[in-house]
Amino acid sequence: MLDQLLFVIFPYAAALLAIVVTTQRFIRDGFSYSSLSSQFLESNELFYGSVAWHIGILGAIAGHIIGLLFPSTVLWFNGVPVRLYILEGTGLMFGLLALVGLVSLIVRRATVARIRAVTSVMDIVVLLLLLIQVGLGVYTAVFYRWGSSWYAISAVPYLRSLITFQPDVQMIAPLPVVVKLHILNAWAILTVFGFSRLVHMLVAPVHYLWRPYQLVVWNWNRKRIRKTAPHRPSPIASEIVAQTAEHGQRTTEKPAFTR
Amino acid sequence: MSKVILNTWDRALPACKAPNAESIENPCAQLLKQAGRMPALPGRALLIMIAAMLFASAASAQQPGAQLFEKSCYSCHNIGSGDKKGPDLKGVLTRQPKDWLREFILTPNAVYRRGDAYAQQLFKKWSPEVMPDQALSPDQIDQILALIDDLSKKNEAFVPAGAKLSRAIVPTDIDAGRDIFTGRRGLSTGGASCNSCHSVLGIGRLGGGTLGPDLTAINTKYKDPELIAILQNPAFPVMKSVFAARPLNDEEIVQLFAYLQNAKAAFPAAQATPGAIIIEPWFIAVGFAVTVVALVAMSFIWRKRLR
Chain A
0 MLDQLLFVIF
10 PYAAALLAIV
20 VTTQRFIRDG
30 FSYSSLSSQF
40 LESNELFYGS
50 VAWHIGILGA
60 IAGHIIGLLF
70 PSTVLWFNGV
80 PVRLYILEGT
90 GLMFGLLALV
100 GLVSLIVRRA
110 TVARIRAVTS
120 VMDIVVLLLL
130 LIQVGLGVYT
140 AVFYRWGSSW
150 YAISAVPYLR
160 SLITFQPDVQ
170 MIAPLPVVVK
180 LHILNAWAIL
190 TVFGFSRLVH
200 MLVAPVHYLW
210 RPYQLVVWNW
220 NRKRIRKTAP
230 HRPSPIASEI
240 VAQTAEHGQR
250 TTEKPAFTR
Chain B
0 MSKVILNTWD
10 RALPACKAPN
20 AESIENPCAQ
30 LLKQAGRMPA
40 LPGRALLIMI
50 AAMLFASAAS
60 AQQPGAQLFE
70 KSCYSCHNIG
80 SGDKKGPDLK
90 GVLTRQPKDW
100 LREFILTPNA
110 VYRRGDAYAQ
120 QLFKKWSPEV
130 MPDQALSPDQ
140 IDQILALIDD
150 LSKKNEAFVP
160 AGAKLSRAIV
170 PTDIDAGRDI
180 FTGRRGLSTG
190 GASCNSCHSV
200 LGIGRLGGGT
210 LGPDLTAINT
220 KYKDPELIAI
230 LQNPAFPVMK
240 SVFAARPLND
250 EEIVQLFAYL
260 QNAKAAFPAA
270 QATPGAIIIE
280 PWFIAVGFAV
290 TVVALVAMSF
300 IWRKRLR
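Chains as they are written, first to last, in numbering that gives the first Met the number 0: chain A, 0 to 258; chain B, 0 to 306.
Rather than coming from a laboratory, the hints here were simulated on the basis of the structure.
Some hints could be false.
Using C-beta positions, here's what the derived DEER-type ranges look like [stated by the list, open to error]:
# : chain 1 : residue 1 : chain 2 : residue 2 : range
1 : A       : VAL19     : B       : ALA109    : 46 to 52 angstroms
2 : A       : ASP2      : B       : THR188    : 55 to 61 angstroms
3 : B       : LYS124    : A       : TYR11     : 37 to 43 angstroms
4 : A       : ILE123    : B       : THR93     : 56 to 62 angstroms
5 : A       : ASP2      : B       : ARG183    : 45 to 51 angstroms
6 : B       : TRP125    : A       : ILE105    : 39 to 45 angstroms
Virtual Cβ for every residue (Gly too), placed ideally from N, Cα, C.
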């Protein structure tokens, strides 16, 4: 009965809430669909936080989705121990990258006063839920090996049963509590999805991957200036010189100043 | 290993002890002749086991509840042959009232959560094993209880009638079983290979899975019919839900049995350690190393990025 509540009713309620809230928010307040940049081109801390986190979590989610879509192919792939070890090692790498990135982002958000000032309660909730989720995932990968294989015959039938509206918790009911918490926490993340900065994944600028890249040229080094003249006001956006280069080549034209 | 073989020999080799044991017609003699030509263990031990399997004369207890017991209970419980993952059920009707047993068999966890003293005691004693709820009808439960009562009164042990191999084992079955165990040869019903959750020493540098117990010393933990019955009907919580829809076929059972029975031969020191969580240091080391490499690679790829 408890399993039905936590693993059937909860995920459906979370999904419904996510769909309704994200749609309503997009219509009423579309510009809030953002992760609210906290200085994109900033420090090493943000670089190793944000980039490591995003590579890690995208890799880990991709692994879960591939397993969900092609369970028998994954089982076939894992049929040779070396291939299994490579897949599991890669999965653990993505999990650890996400963990390193997330911890780095949490430390930054907690210690940098400028970031703390723009932190909402929901940001803290999201960070905590994600930390729990990644922590449980890495724990599962290390202590309950080999998840890439047993996921295909336990959680995958459960997830598919939810998707096809024929919920069946039989396959996950006897799993260890850590694994069940991992699943439960996923539904908790889905619950807060629409209310949080997580919606930015719906409007992620995926086309950036194949558009000609932009060169952002700074005509002065803000870091050095910050160190030497701390009271100097920040430059306004129009002072930043942006130059778009076709096909990734830097052009020889002079930058077009916007001022 | 040798103890198990000798026990098996004594218990189930009437054909080899028969007066015509030397006769060419006696299949046991043929097998032992082959065994004599084998270089050493494990081949010889195996062929002796083959004979055991061929001629095991299970005194089948064909009570109405026997089949049910074998399918739903026998993975974890004996009647009169000692404790397994759960307690020996001999005389259980003298320990607890029938109504209590009916309820507990159906929903052990609910009885435990309600604070029932006897259930608390059982859960504590058999931890970390937790008996799963059973999808049995009241009639089926009564049949099982009648079987337990009957055997207990007669002072007989439960012998599984169906726990037999479909054919004799041959030495090549060990490698074939190993291939099934590791998943090199997929299961006929598309289930996950054994090493997804179980390990056996020697199957790969980083071993098998740890969701379930290590099976290297499985032959010291279960008697032959018990192991066969588990391969036929694994009624453990996780396996039950997974394999109910994807049972192993007869051939897979024979080959896996051959492999598992032989698994300890190369690792005599292996112990059956149920429920132990085993850390594989190399897996963690590799994971950390690759993560560091990825971070260094990131740093290199985006070295010109302003940060």
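Evaluated hints:
{"no.": "1", "hint": "VAL19/A <-> ALA109/B: 46 to 52 angstroms", "in the structure": "35 angstroms, violated"}
{"no.": "2", "hint": "ASP2/A <-> THR188/B: 55 to 61 angstroms", "in the structure": "25 angstroms, violated"}
{"no.": "3", "hint": "LYS124/B <-> TYR11/A: 37 to 43 angstroms", "in the structure": "39 angstroms, holds"}
{"no.": "4", "hint": "ILE123/A <-> THR93/B: 56 to 62 angstroms", "in the structure": "59 angstroms, holds"}
{"no.": "5", "hint": "ASP2/A <-> ARG183/B: 45 to 51 angstroms", "in the structure": "35 angstroms, violated"}
{"no.": "6", "hint": "TRP125/B <-> ILE105/A: 39 to 45 angstroms", "in the structure": "41 angstroms, holds"}
Hint violations for this structure: numbers 1, 2 and 5, all remaining hints satisfied.
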